[in-house]
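Taking the hints as your guide, dock the two standalone chains into a single complex.
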Amino acid sequence: MEKWTLMTITVLLALTVRWTVSLGSYSGAGKPPMYGDYEAQRHWQEVTYNLPIRQWYFNTSDNNLLYWGLDYPPLTAYHSFLCAYVAKLINPDWIALHTSRGYESQSHKLFMRTTVFVADLLIYIPAVILYCCSLKETSTKKKVSSALCILLYPGLILIDHGHFQYNSVSLGFALWGVLCLSYDWDLLGSVAFCLALNYKQMELYHSLPFFCYLLGKCFKKGLKGKGLLLLIKLAGTVVASFAVCWLPFCTDVEQIMQVLRRLFPIDRGLFEDKVANIWCSLSVLIKIKNVISPQTQLKLSFAVTFLSLLPTCIKLTVQPSLRGFKLALVSCALSFFLFSFQVHEKSILLVSVPVCLIINEIPFMATWFLLVSTFSMLPLLLKDGLLLAYAVTMLAFLSACVASFAIFEKTSAKDLQLKPFSLSLRGYITWFKPFPKIVRNLFLLSVTLMGVLSVMSAAMHPPQRFPDLFPVSVSSISCLHFLFFLVYFNVIILWDSKNSRNQKKVS
Amino acid sequence: MAAGGWSWFRALALGVSFLKCLLIPTYHSTDFEVHRNWLAITHNLPLSRWYYEATSEWTLDYPPFFAWFEYALSHIAKYFDPKMLVIENLNYASPATVFFQRFSVIFTDVLFIYAVRECCRCVNGKRAAKDILEKPTFILAVLLLWNFGLLIVDHIHFQYNGFLFGLMLLSVARLCQRRYLEGALLFAVLLHFKHIYLYVAPAYGIYLLRSYCFTASNADGSVKWRSFSFLRITLLGLIVCLISALSLGPFIVLGQLPQVISRLFPFKRGLCHAYWAPNFWALYSAVDKALTVVGLKYNFLDPTKIPKASMTGGLVQEFQHTVLPSVTPLATLICSFISILPSVFCLWFKPQGPRGFLQCLVLCALSSFMFGWHVHEKAILLAILPLSLLSVQRAKDAGIYLILTTTGHFSLFPLLFTAPELPIKILLMLLFSVYSFSSLKSLYRKEKPLLSWLETIYLIHLVPLEIFCEIVFPLTPWKLRFPFIPLLLTSVYCALGITYVWLKLYVSVLLERTSIRQKAE
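For the protein sequence lines, the chains are A and B, in the order given.
First residue of the first sequence: 1, per my numbering; consecutive thereafter.
First residue of the second sequence: 1, per my numbering; consecutive thereafter.
Only chain B is shown next, with the shape it has when bound in the complex (with noise of 0.2 Å):
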């Protein structure tokens, strides 16, 4: 560990690369063959059919950049097996198939890598210690750059995310440099790779308004309405616009917006993904279930009248909650505006540059996750990464982080159920959380416990939970009368959590406001 420059940065990068190319022979899920199937159809079919294209049930439904993105890859595919982009080859897994494409996703991670290093230059070193392992920045680098979530999502689960992910600190890193246009660029065009970053456009939208338009704030910090830039908005405007015709454009000179639109937002699907992602909804359901059993029990209920769907049985599907109201997909668009829109309002009121922004993205994330329709348990990541930048500059960021991504990190583990990557993920979340928790600990000694003991309490209580879910219950005769209760048990116990965290760091940065408020008059 040379002491000077950047070459901890190189053998951290190498470290984690190398360690994804050894999860190569590990088990990949259905992502594999969605998007193997998308190397196959924008490699033979013309633009017009992308978005008709049915033989797989893995239709297209990432916006057209990412289409872009699959056929040049598709280029270099053919080189390693040409079979794998054939469409009709269904679930075509040849070794070169699987090396291609997780080296494929390992390659595309260097993007990552570039933005973390972004990320780290923007993290202010005041609080640099002589040891280079108790620098904020590379604390920081080894919380992004080996960032479990993102490491079995990707690596093992198999998706893309490391380099959206890239885009997307990359965008963060640019603003933070005050590049906005560059920034807006970025982001722009994340968009159009994956629509799920548009659950942080608010903020995105809110903060180059309020500090890119606006070119100066009153001395309360309250807006100078005078200072109002056409030029900056024009600018925007054009950025925003270019992108999206580049991306759009063909389809709408086609005729096929409708289609594509239809594709990108499939409300046909349920209420929570095949595993329940651990937020509101998860709550809501497991009350709505309890209900019913308790119902059932004492013959309030008609069993005849209970839908047959089982929330948990590992379906995609539109399903009628039992007692409860059923939620539809316009109550929860209505939830998540809602609940996104005090951090907006934060933002605008009292912009605190670089701070106020990341605070604003994350509870943006986690607001949509909370309250999103379908909402996948993945989609945690949006808000665990930028909350990393936050967590090694304020030890009371930290101790949210900590909640976060432990709890995070944990649900996500139904996404590997195959017993041979049962120790990875322990091992490399024990890596993580080891460090993180360390790590952060170190970095904050002087400063009052990261966490309180409720939170130390909850946290530990994961250890017997995976114990319960993992071991015991397989042994025990519930196995097959109800398969779901694992599940079940983690998302709720893990929503608990979560639903935590989002209103800690909501009454957090609320708070905040005010007393700054106070303090400025």
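Extracted from the complex, chain A is given alone in its bound form (with noise of 0.2 Å):
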């Protein structure tokens, strides 16, 4: 069958699958007084459409902050304008000034559904197809099969149109980003980043590889010749395009700080909730937020932030390619998410999306990191009542890769990518045999463990005596698993060079 054919199969197939996802339950519903996101989205369309852009992100008699205060940057405000201004032609009374206020009806939850829907449908679906189209020296087949699992992945799906909230606008410029500039459209990419940073500022998660592979790339040409005049141009798309984003805003500077105050909330605590990061499963032995002065907190996530983000970028500024990139990417987030200061358990996704971008060439670990990823968000999920879609949408991925990808038989470790590595260790210790056989073991280990937990936190009541037993087991296990990974990849990054792939080449 013909390649277009396959792919549109797939996307109704992902359609279809996110349709079902969203007919289920929404985060905070019928729970007042503060409801959850989707209260947050509808209350952000409220407030665009009825006040002035001055007033958006100051607190006024007409705007309590306190009450889901806008907290992302303008692009997000502008969609959600867009979106009140519709809402406004079908019923004035989703987003009326203070009287909407948790406001909730089937019609009105079909109406929001169908936004999200319609976000993903246009940003983020196809920018997965066009990345797959234009994965090179793969066959149809797997072109085909990589955009079904990314398609699939059930983070994204869950949290988009089951929790409710618009990741795929945000991930899928980056996407964007990331489909520019492996076709060295660089200034192209630079303005798709920058759209994506303009919507949510957590893409900042992402800039490091961005800008250290661009940099990267300037240096390679020449910083004297052409890399200058590229850097140059870059830099001016860049600013030109924070310029017509945050246009409305130049108006003061006050206005600036303010939207820059409610972007970065330094006040609110190292972490919040159940997060599957570093400080949160540390808090389980000592109580870091009651022990360091919250400013110490701030330093000290900062600087171990900053270390484990050194070697990627300096390896990448250093020898700038695409696949490095992509693995840049990944590592780079996952610091982010594993170390800084205020992260969400919804931040996962920003290292699922480009995990995703290498589930060909790593289908096993790939796979894996996906699974986990989801499982992380479990306590989130199971509140939102998703825990049907949560499971179903798991082992839909889990067969769905095992059956395109045979991810089983990929665990050696010239499949793993890890062949440098063991080359550069022959000789301290030798490499034993058995090695695909134990990181199967290992990952049917986690696997059985994720289920039995999911399990657990469904069906059971945790002792009394520890109420938060599920969530935080939940949250200190995929943590290991995240640390696990962060190494794993930070091991093929520094480790791969041109000489190792051109042998792979030959041989």
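These are calculated hints, taken from the structure and not from any lab test.
Each statement offered as a hint is correct.
As a list, the in silico DSBU-like pairs of lysine-lysine whose alpha-carbon atoms are at most 30 Å apart: (1) K221/A to K136/A; (2) K3/A to K130/B; (3) K142/A to K446/B; (4) K448/B to K3/A; (5) K83/B to K31/A; (6) K130/B to K414/A; (7) K136/A to K130/B; (8) K383/A to K83/B.
Written out as structure tokens, the structure is:
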């Protein structure tokens, strides 16, 4: 069959799954007074439609910032404004100032779900499809199966279409950025990434690889000739796209400062809820929040994040390659997630999407990571009543990966891209034979553990002495996995060299 | 997609099962309450009261095996939510009840999956392409497992057709494998699960008689009367009688047979179902309606004499035609019988093995769909599923299959009228249609196009029809005055396609016979 027929079928399947998940419950359904992210998005529509731009980010009598005040960059606000405009046409009650607070109805849910669906369809899905088509040295079948697996990734579906958020917009823009860079359209790529950054400030997790890759590219072209020109062009493009996005706020310095204060709420603490990052997991043992002062926490987390990022970034700047760039996106985002300040559990999606990009190269590890990343959000999904969708999409994703990549047969050191690393270690330890088997068993063990914990958190009541037993164990176990993945990705990034890849081609 | 073995089949079956699980929270029709009520009836009452109980309007109107099936389910249901087993708990639908009932459908579909696998084994791999995606077995598996109609009727609308069709396909597969007795047994069991399969019973009866009871044919294909085997027909008769005794026996002993029969065949219901099934009677009624309108406009008719009952009011009741003569159950019975006859004759006079049997089966299903009394639009699946088997074996059948599935599935659209399900039905329909068209096209890429330009135009016009019915029409002022127009348009337009398919298939079967006979002579 034709490539495009298969791609169409893949997209239709992905859309069907998305819509069926969206029939389920959403965050904060019927839970006054604060509700959840669904109400936050609806509230932003109300605010942006009814108030002048000057007041969007300010606390006024019409805009109580303590009740879901806008805390995302301008593009999110514009998007809300656009949705509000459509909402107004259908039913003005949905966005009436003050009176619409906590509005819930079947038709409104349908409307909100449709906005996410449309955003996903217009931005994220085309980027994935084009990315998979642009993969080199792969058969049509492999391209289609990569697209299928990426589009079936449960985490993004559950958070966007179940929990209710618009992550697919910012992640989609970031993907467009990667796509453009892979075609050497650097300027267009940086525009796309600026859009992503101006939709959600969390996209900063991806900013360093973009920066280092483009900088490295300039260096490679020679900073005195073409490289400098490219650098100036890039800088100009970035400044221009930021200026366009922020234009309505450029009337006043105070406006800009206020938006920035809203975007980076430093006083909200090192972490919230149960996040699968290092700080939250450590605080099971030591109560970091009580021991260290907030200022020191900030500095500490900054220092650790910076250190963990450094090797990857240097490597990427010195040897900019597309492959290295994708891997750097993974490892940098993972470092940010594990070590940085004020991380949400949903931020793991910023790591997952770059991992999706390498699913056809390292299918085994990518599948494993994507499963763990969805599992790490289990407490959140349970709170939203998405257990059924979680279980089904996880199993479906796992079987899609097994069916399309035969992941269990790809666990040798070579398939895991660990050949250069093992070669360099040859002098010290003997690289043992049963390695693939051990890796496979580790994977099965981890999947079983996740399954058991999922069932327990869904079905059992925690002992009274430890009411948070299940969420804490979910986050700690995920955190251990993430640390392991951070080490793994850093190893393959640092040991990746052009020589080793040439060798592979020869062999 | 690993190359060898049946791992691809497992992936397909798993995939569709996951999709079914995702459909659990979707809208369910009154059939959900029907089955809940049957669970309650069979669980609480003794056998003698099953077919008399009438607390709910949805009385038990399936044969005894299905009642026993519900009885068995009810013993699992009590662990989920015992309240669903209270007869007076009308329209009870707690989350546990929904989950249990939905999941019971998904679980019993295992039989369907097994049957599809057996059917795939019967399809010869002559056309075996290197690419697994282009093998007839793979295409057949997708066409059956991912069948749009079955998905929405069973897993959204709510019914248990999956395992029933599983039984049917399994019996077909057994007949193809020449395991006739097993096939007959399975079909007899199926008849006592749901009696709608009586429509295709002539095909089974004649095929078994011709190919099993007569052990040999003459050289020109005509029947060799001497080869009749009394042993075989006795065996068949024994099987059928035994199954019937198991099913109806207790009711005969109790002297309730007339009551059971009157429940199973409710001729009190109207000619057309609540939504018009796209068959001959839909065209007939539409013509009647048009004539009424014209007649009223030009004063040929007296408005006071026109019966009030509106045919598309959504009520199941008896109804009189205005201009054309009204149709009685007997008339439909005779029409169905006459329309089935030629196909049965074909099967008898020149049996072509399993192929001829399947053709006859499809023709029986289609003919009774065209002329039956109170036909449900869901009954079109009875023709679509067996035709899938033929479609992967011959280009001509593939073309017919494409028209039949597309129009037949489209005619199921009014079953799901709620807004949240609109995207699902459109997406699933697109998914199935894109797949069936492209896969069959690539399977027969060396032969001439599957569809003529006229057929293509007909199918393409389903798109504007859907847009008009679902999006444009609700915005127009006619919505309140003529709420039945979308249903009428859909069923009349689909009826055209299905009538065409019926005629085309009949012509192709009849012509094929003469041409072969000429060759033989």
